[in-house]
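Colleague: So the protein lines, in turn, are chains A and B.
Counting from 1, one number per residue, gives the positions in the first sequence under my numbering.
Counting from 1, one number per residue, gives the positions in the second sequence under my numbering.
If you're looking for bench data, these hints aren't it; they were derived computationally from the structure.
Be careful, since some hints might not be right.
Identical copies look the same in the list; a pair holds intra-copy or inter-copy alike.
Stated by the list, open to error - List of simulated lysine to any residue pairs, SDA-like, C-alpha gap at most 25 Å:
no., residue 1, residue 2
1, 258, 273
2, 258, 285
3, 2, 191
4, 2, 231
Here the structure is a predicted model, which means the values were calculated and not measured.
There are 2 protein chains.
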Amino acid sequence: MKCRVCRAAAVVEVRRHNAGFCRDCFLAHCRNQVERTIKEHSMIEPGERALVAVSGGKDSLALWDLLLQLGYLADGLYIGLGIEGYSDESAVFARRFAEERAARLVQVDLPDDFGFDVRSAAAADHRVPCSACGLSKRHIFDQATLEGGYDVLATGHNLDDEAAVLLGNVLHWDLAYMARQHPVLPSGDGFPRKVKPLVRLGERETAAYCVLQGIDYQVEECPMSAGNRHLGYKDALNAIEERSPGTKAAFYGGFVDKAAQLLADIGEEGREGLHACPRCGSPTTAAQLCAFCRLVERATGQRRRRLPVSTQ
Amino acid sequence: MKCRVCRAAAVVEVRRHNAGFCRDCFLAHCRNQVERTIKEHSMIEPGERALVAVSGGKDSLALWDLLLQLGYLADGLYIGLGIEGYSDESAVFARRFAEERAARLVQVDLPDDFGFDVRSAAAADHRVPCSACGLSKRHIFDQATLEGGYDVLATGHNLDDEAAVLLGNVLHWDLAYMARQHPVLPSGDGFPRKVKPLVRLGERETAAYCVLQGIDYQVEECPMSAGNRHLGYKDALNAIEERSPGTKAAFYGGFVDKAAQLLADIGEEGREGLHACPRCGSPTTAAQLCAFCRLVERATGQRRRRLPVSTQ
């Protein structure tokens with residue numbers, strides 16, 4: 001197979017584009033896809049400061065690298081989740097990436113800074129680990145973005161992630177979740193703008209990007225995600241994609257282009273009734289403390305402190 | 001496992017209801033599900049005459065039997081599709097069912113009455129066989145219902161069928177198709193009312209109904225449907241259902257209850273610009289002949305006759 005662009009030998013095949021790429025043209029293809037996504041959805045304007053949520057895995061490191069390559073002002077945010085045999089290693093990849101590029105990495109650690117980890121929080125709050133983890137990360141993302149004075153938070157959700165989440169939401173017609181599943185969530189009501197610039201790249205492509213760009217990333221999946229329902233949705237979509245390449249992109253892209261507008265009113269309703277959490281100030285619909293402050297209280301038996309931040 | 005209703009030994013398990021049933025209670029369960037569906041959606045009023053589209057397979061014969069058991073006035077409509085090694089056998093099952101119950105079976109035969117079969121029509125019209133077949137059946141369903149003076153056409157689409165079609169429509173966000181995917185399509189603009197009373201029963205349940213009720217049906221699948229994209233969607237949903245029983249019912253039921261109303265305007269648009277086909281009188285949006293009359297013309301090189309009907 002030859003590179004679609006320059007006819008040199010291809011090293012990567014992207015079946016849904018029915019195309020192969022050589023190394024340099026593939027890296028350029030990824031940059032183009034991300035730049036196009038950012039421009040189309042007005043995700044980041046020139047001169048704005050972005051904070052990239054960095055896990056140490058392929059998606060988030062590819063995103064950070066791509067934003068830097070494209071000339072955006074992008075710092076990283078790493079959250080240590082205290083997951084044994086996983087979090088220590090993921091931190092190494094995030095820190096090494098930042099050091100090699102002399103980039104700024106904001107670091108928050110659940111055990112050191114809040115006194116709990118994902119496993120203990122899940123047990124204390126009677127949640128599955130992925131739920132306690134997601135809640136903690138979303139809260140820290142928002143607060144670190146606002147307190148650091150960033151204009152926008154960028155996450156490394158790729159096409160496979162978004163298509164699987166969308167499938168789960170559609171299978172249960174969770175209209176409120178669907179209304180919020182857009183590549184850009186605008187700022188407002190105490191929330192920072194949040195963007196997903198990788199929604200045009202599949203997970204095979206972000207992995208290939210890292211390999212070809214020489215980015216070392218954590219290959220191991222989180223040990224606590226085994227059996228996660230979204231993995232089942234990914235499997236189902238992969239089986240369909242295998243028969244009909246391009247289905248995932250049509251599914252997610254068609255939702256954003258054609259269906260999301262039907263849900264606009266529902267999305268607005270979701271932000272009604274917000275007030276500031278009396279402890280941390282974050283917007284919440286809960287009667288008293290926000291869900292994160294309640295999680296901290298249950299997991300530690302203590303009142304939480306303000307967001308502690310250390311910078312590399 | 002014991003019968004959920006009477007505690008006798010269960011012979012059928014329905015995982016999404018987390019229940020087993022003995023023979024009699026399972027048959028009653030099926031009748032209840034169908035009666036509830038008919039009432040909830042005002043599908044058939046007492047005294048109305050229904051025409052049941054009968055293929056000879058488990059779903060359509062179960063439907064016809066259930067409607068008769070529930071006291072509805074229901075005749076059958078069998079369409080011979082001229083598919084070698086399949087259609088002859090399917091006719092035997094449909095006729096035997098009708099004979100045993102002294103029920104009326106309207107019969108239409110594509111080769112005898114229109115001079116073509118599914119294979120030749122597909123080739124002549126450059127369609128896949130399932131497309132030529134579906135087009136022909138929909139046309140004959142409508143016309144036989146109207147010309148026979150029936151109030152409503154009933155088809156045996158089950159939960160698995162509808163969930164798979166919905167998944168295909170959702171994966172491509174075919175909003176116009178989604179807007180028409182309701183268990184009832186009201187009459188109007190030259191179309192008869194169409195109803196799907198089996199949408200609360202899965203295909204394992206319609207098969208079990210036939211077995212336990214002593215209905216002989218054609219087990220063989222249509223040989224022309226191999227590779228049909230919907231079979232891929234069924235496989236994907238079955239894999240998800242296996243992990244999370246009830247997902248299919250939640251997916252289809254949630255669509256009908258929560259999402260369909262968002263598409264109401266789009267459904268209306270689909271019926272704009274209809275006029276009567278100058279040859280057969282059927283409603284069509286095509287500039288001249290309706291799609292079925294064009295199919296007949298291409299497949300036979302001849303003008304079609306009015307719908308011929310023979311009754312058993």
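Colleague: Each hint should be assessed against the structure and marked as holding or not.
Modeller: Right, here's what the structure says about each hint:
no., hint, in the structure
1, 258 to 273, "between (28 Å within a copy, 23 Å between copies)"
2, 258 to 285, "between (29 Å within a copy, 23 Å between copies)"
3, 2 to 191, "neither (46 Å within a copy, 53 Å between copies)"
4, 2 to 231, "neither (33 Å within a copy, 34 Å between copies)"
Violation of the numbered hints given earlier is confined to hints 3, 4; the remaining hints are satisfied by the structure.
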